[in-house]
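Taking the hints into account, I'd like the entire structure generated from these sequences.
Which chain is which? The protein sequence lines are A and B, in order. In terms of this note's numbering, the first sequence opens at residue 315 and continues consecutively. In terms of this note's numbering, the second sequence opens at residue 1044 and continues consecutively.
None of these hints come from the bench; they were simulated from the model. There may be inaccurate statements among the hints.
Unchecked claim - Taking lysine to aspartate or glutamate and the DMTMM-like style, the derived pairs with C-alpha atoms no more than 20 Å apart in a straight line are:
hint, chain 1, residue 1, chain 2, residue 2
1, A, LYS563, B, GLU1084
2, B, LYS1111, B, ASP1080
3, A, LYS476, A, GLU466
4, B, LYS1120, A, GLU467
5, B, LYS1120, A, GLU466
6, A, LYS542, B, GLU1054
7, B, LYS1085, B, GLU1054
8, A, LYS476, A, ASP488
9, B, LYS1120, A, ASP488
10, B, LYS1085, A, GLU466
11, B, LYS1053, B, GLU1084
12, B, LYS1053, A, GLU467
13, B, LYS1053, A, ASP488
This structure is a prediction, so every number in the text was calculated from the model and none was measured.
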Amino acid sequence: SLRGNELSSGGPGTAVRAGPLSIEAQWALSQHLLSGGPGRGVEQPSDTVLVLRLEPGKPPASWKSAWHRGVVPLRLQSRSGASVSQLGLCPEGGGGRRRFKLRSLGSDLLLRRSSLDTWGQKTSLLVLEGMGFRVGQALGERLPRETLAFREELDILKFLCKDLWVAVFHKQMDSLRTNHQGTYVLQDNSFPLLVRMASGLQYLEEAPKFLAFTCGLLRGTLSTLGVKSLVTASVAALPACKFQVVIQKP
Amino acid sequence: MAVCVAVIAKENYPLYIRSVPTENELKFHYMVHTSLDVVDEKISAMGKALVDQRELYLGLLYPTEDYKVYGYVTNSKVKFVMVVDSSNTALRDNEIRSVSMFRKLHNSYTDVMCNPFYNPGDRIQSRAFDGMVTSMMIQVC
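This is how it looks when you write it as structure tokens:
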């Protein structure tokens, strides 16, 4: 039995009381739930979600909203790989009371906390950008042919807009602008990776993550050609997008 | 045929250097190292001359009594240096031969770069690259 947040022991089907749970309490809860079961393993608390089952007939909306308030999710996973929990937490009592009851419930509901999403997403975008960087390095070696035609930065950027874009996307970049102080904006009015997705203003928030690989591609090619840079992407309206390249002076 | 082949990175350290094993290898390493100065000089001279088309092949870097040293630079500032035996007259038309040999080196290096398991900046340990270099070097038995 756990003090502090008033968890007490019980097997499936037993109702226990629990207050709004901190991360440590949830971790303890997961340990507690699994300690009795045979062959079950537990993941690290930072990347686990609690799988809950709802009682049939219970409205999920009120339950979900209460649960979303300040709770970091946990995943309980058995060694066989199947995600399990026969126990769940549901709000008890009238509206406004934040007590939760642990009981065996009916159907599955998987919860994710939004902050967990952001952390996971940032890592994935970094990985994608890194992969694009490596591909860009290889392309920067293979594509420029025959001549050492890069006398200045602008030539390198023009090479990116013309040769690199044609080789990868079969079209040229639509416009290249610069402030002559190391910042370049490359604009593509119908970016091939976004053209098939949507058109207009609907998915503006989610679109930039599909450009992470391309940002890395640009950065990698620039790095092989001797230019250290920082590349970011922005979408004003699908499928038009802008890549901003800022040259880093050593 | 080449007596020594070297691939030098942008930061002037060797990514790959191999010479005919019967000779004193240190001598070749030293020759390659001193030739880097000449390479840098040629690159910077090209920049100032403002020619429209700059060649990747740098030509004869400098001759010694026994050997000739040729250089080639890529767009990513990776340099290839080749040391050739002076007494070998088969390379009299040195422009063409050296250009074709350096072209093969460049293509093989590009293939190594495109290998996703290769980290740029590491020593080159590709068997395909080794095989290509072997085919360019003298067979001294």
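Verification of the hints:
The suggested pairing of A:LYS563 with B:GLU1084 is violated, with an alpha-carbon distance near 24 Å, which exceeds 20 Å. Pair hint B:LYS1111 plus B:ASP1080 holds up; C-alpha atoms about 15 Å apart against a cutoff of 20 Å. Between A:LYS476 and A:GLU466, the direct Cα distance comes to roughly 16 Å. Compliance with the 20 Å bound is thereby established for this hinted pair. Restraint check for B:LYS1120 and A:GLU467: the C-alpha separation of about 15 Å stays at or below 20 Å, so the hint holds.
Between B:LYS1120 and A:GLU466, the direct Cα distance comes to roughly 14 Å. Compliance with the 20 Å bound is thereby established for this hinted pair. Restraint check: the Cα-Cα separation between A:LYS542 and B:GLU1054 comes to about 15 Å, which is no more than 20 Å; the hinted pair holds. Simply put, B:LYS1085 and B:GLU1054 have alpha-carbon atoms about 16 Å apart, close enough for the 20 Å limit, and the pair holds. Distance check on the hinted pair: A:LYS476 and A:ASP488 sit about 9 Å apart at the alpha-carbon level, within 20 Å; holds.
Pair hint B:LYS1120 plus A:ASP488 does not hold up; C-alpha atoms about 29 Å apart against a cutoff of 20 Å. For a cut-off of 20 Å, the pair hint linking B:LYS1085 to A:GLU466 stands: about 18 Å separates their Cα positions. With a C-alpha separation of about 14 Å, the suggested pairing of B:LYS1053 with B:GLU1084 holds against the 20 Å cut-off. For a cut-off of 20 Å, the pair hint linking B:LYS1053 to A:GLU467 stands: about 18 Å separates their Cα positions.
Between B:LYS1053 and A:ASP488 the alpha-carbon distance is near 32 Å, which puts this suggested pair outside the 20 Å criterion.
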